[in-house]
Each structure stands twice: as structure tokens, then as C-alpha cells.
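Q: Take a look at the letters that make up each chain.
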Amino acid sequence: MAGKGTSLFKKWNRIIHRDFGYFFFGITIIYCISGIAVNHKKDWNPNYNIEQKKFVVEHLLPREYIDDAYIKTLLKEIGKDEDYKKFYFPTDDELRIFLKNGGSVTVNLTTKNGYIETISKRALFFEFNFLHYNPGKWWTWFSDIFAVALILIAISGLFIITQGKNSLLRRGIWFIIGGLIIPILALILL
Amino acid sequence: MKKIIYLLFVVTIFTFNNSCTNSGNKENADSLSTSVISVDSFLLSPEQWANKEITITGSVSHVCRHSGKKLFLFDKNPDNTVKINAGGQFSVFDIALEGSDVEVKGKVIEDSRIDEQYLTEWEEEIKNSVADEVVKTCNADGKAVTGQANKNEVTAQTDSTNDPYAEVKEMRKKLEESGKTYIPIYAIECITLKEIKKQ
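As you go down the protein sequences, you meet chains A and B in turn.
Residue numbering for the first sequence follows the working numbering, beginning at 1 and increasing consecutively.
Residue numbering for the second sequence follows the working numbering, beginning at 1 and increasing consecutively.
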């Protein structure tokens, strides 16, 4: 009877491990790639490609004379002959123009130096990060189910090999302890 | 058959939850037009709105480039900005909102506190950014904090271009003058956001 129970447990353990692994394969990859990308956000922007192109304004008007007509002329002069949303002065000597198609133009009114900032979404990373940041609605439920499934995949993985030198109680236990030491050390040292 | 029933069950849960959330958003959108205030009005006394839902209008000066989880609104004075945290129908804000006029409905929350620890960490960040010659911190965030803390007051004539610690010094002075252990800084948790199109 005990043998039948063990056999049933092994069978369902494998089914859970295998099928959950298959079903959640895609989302695991998405979360992992996004996780690596966001982990290094101090070093790069995981969502956007941001490029800055410098320029010098030849004919710069004093701040009080800057109006819509001048902004259009300025944009033409720097090769951004496109519509803009708004311009304002973030500081006394800085002009910022927000472009309609995204990006902005910033000009230092004292030095006449400026830069055009163009922004584009990073293909795949933007979408992966969007999902990782939890877009809400039903995704919250799905990601909760995914998290529970990962726990089940991890636990069921412990019991895939139940006998022999590679089983949980012989080889596995040392790997588990090794894996737990790292976060414990982090809690102590960081 | 069992597999099909299981999949149908999962899909039903997702769909039900989705429809509930959508109807909630619709209700929020319907009530969006009640008592709209500007950023400058809000900053006159943000504490009076604490834990209340308000609708605020302003122009987007900055959207956080890394997470998209926050944006900043200004009105007439670009030095005075309010932080809007993503929430409700927006888990992240699109960077394309920069420069747009928007109307945000949200709940006012105490977002941070300027205390001695905050100021020390701020000094440390400036120290590191000066050393690296690269500012890695979000300037817009700092501006929202200092703008709110300086509300209705003329900022001391400190030349921040020469002294990177000028704002920290100013804040420390204000904290001491307040006689409190901290100055609360308020932000708004977004419930709904809509772009105001120009006529």
C-alpha cells in the first residue's frame, strides 16, 4: 500500500514538475531577462535608448523674446523641423522644448550650447519590463499563479530523484545548504 | 476533458477579474471632473489634502527614465513640482507624456520625510555624483522635494551651480527652523490620468 502511495506521489510530482515547467517556460524567461536588465539599471536604461546630439545655437534670442515663432525657427535651424508640444524654462538660463514625436531639445541660454535628446523604446526589453513591473488588472493574478507554480516546481524538483547518490538526502541536501548560505551571508554582510 | 475544464476555469478567473477592474476604472474616469486644482494651488498647503483624493492638472516635466513609475507635474513655476506615483490604470508612465498637459486623479500620500538621515544620504549621493562627474540620481525627484519644502518662501540666494550642497544646506536650515524631527513631503498615487489636448 505504501509502495502504491509512493508511486502515486512520484507520478504526480513528475507531472507537476514537467507540465508546470513547460507551461511557465516562456514567462520564466521573460521575468529572468527583465530581472537581469532591471538589476543593472544603474548602468544602463533597461527601457529606452536615449541619445543626445549636441549643437550650438547661432542666433539665440534673449529669454524674454522667445516665443512660438522663434521656437519653430530654432527647431528648423537644428534640423528638427517638426511640431513641438511645449517649451518652458526649467531654470533661469535653460530652455527646454518637448517635441511632439517624443524627445526634447535643451538649450543653455548663456553658453548657447544645446542638445537634442531622442528616445526610443528598447525592443523586447521594454515589453518584458512592462510585464515585470506588473501592469495590473488580471496580470497580478497570473503573476501570483506563476509565483506559486515556481514554488511547486522548486519543491517538486527536490523529489525527482529519490534514490541513489544524487538523491535529495545525499547530494541534494548539500546543494540546498550551499544555496541558502548565499542569501544568509548577504543578510549578514550587506 | 479534465484539462479543458481546468483551462476554462483559469481563463474565467482572469476574465472576471479583468472585467471588474475595467468597470472600476470607468467609474473613476466618470468622476474625474470633480474639483480640479493646479499644482501651484496644491503646493500652497499639501498637508490639507493628505489621504484625500484630488484631481490635479499640470504639465509633465519629467517621467522617470528607468522605471516609469513616477512623473512630475509643474504649473506656472517650474521650480514647484509634484510627484505622481504610478498606480491605478498606470503601472508605468509612458515617457511620451513629457511636455503634455495632463489631469490626474489620485490619492495624496506622505511620500517621504526630510529628516537628518535623508539629508545625510543626499549629501552622500551628491558627493559620489560629484566624484564621478555623473549625476546618477533622479534630479526631478530632488526638485519635487525641495520645491515643496520651499513653498511660499523665497529661497535663499544660494548659487547651486557653485555649491552642489546648497540645497541640502537650505533644507537642513529649514528642518532646524521647523523645530520638528522631519518635514513631510507629499506625492500623489495615480488613479487615473488623461492628457489634455490643446484646442
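These are computed hints drawn from the structure, not numbers from a lab.
Keep in mind that a hint or two might mislead.
[Unchecked claim] The list that follows gives simulated cross-link-like pairs (lysine-lysine, DSS-like), each with its CA atoms no further than 27 Å apart:
#: 1; chain 1: B; residue 1: Lys127; chain 2: A; residue 2: Lys85
#: 2; chain 1: B; residue 1: Lys194; chain 2: A; residue 2: Lys86
#: 3; chain 1: A; residue 1: Lys53; chain 2: A; residue 2: Lys86
#: 4; chain 1: A; residue 1: Lys42; chain 2: B; residue 2: Lys127
#: 5; chain 1: B; residue 1: Lys127; chain 2: A; residue 2: Lys86
#: 6; chain 1: B; residue 1: Lys69; chain 2: A; residue 2: Lys137
#: 7; chain 1: A; residue 1: Lys121; chain 2: B; residue 2: Lys69
#: 8; chain 1: B; residue 1: Lys69; chain 2: A; residue 2: Lys42
#: 9; chain 1: A; residue 1: Lys72; chain 2: B; residue 2: Lys198
Q: If a hint holds in the structure, say so; if it does not, say that too.
A: For each hint, the structure was consulted:
Our distance criterion of 27 Å between C-alpha atoms is broken by B/Lys127 and A/Lys85, whose separation comes to about 36 Å. As the CA atoms of B/Lys194 and A/Lys86 are separated by approximately 17 Å, the hinted pair is consistent with the 27 Å bound. Distance restraint check for A/Lys53 and A/Lys86: the Cα-Cα separation of roughly 20 Å lies within the 27 Å cut-off, and the hinted pair is therefore satisfied. With a C-alpha separation of about 17 Å, the suggested pairing of A/Lys42 with B/Lys127 holds against the 27 Å cut-off.
Only pairs whose Cα atoms come within 27 Å are accepted, and B/Lys127 paired with A/Lys86 is rejected, the gap being roughly 34 Å. The straight-line distance between the Cα atoms of B/Lys69 and A/Lys137 is roughly 16 Å, inside the 27 Å bound, and the hint therefore holds. With a C-alpha separation of about 16 Å, the suggested pair A/Lys121 and B/Lys69 falls inside the 27 Å cut-off, and the hint holds. Only pairs whose Cα atoms come within 27 Å are accepted, and B/Lys69 paired with A/Lys42 is accepted, the gap being roughly 16 Å.
As the CA atoms of A/Lys72 and B/Lys198 are separated by approximately 18 Å, the hinted pair is consistent with the 27 Å bound.
Of the hints listed earlier, those the structure fails to meet are numbers 1, 5, in rising order.
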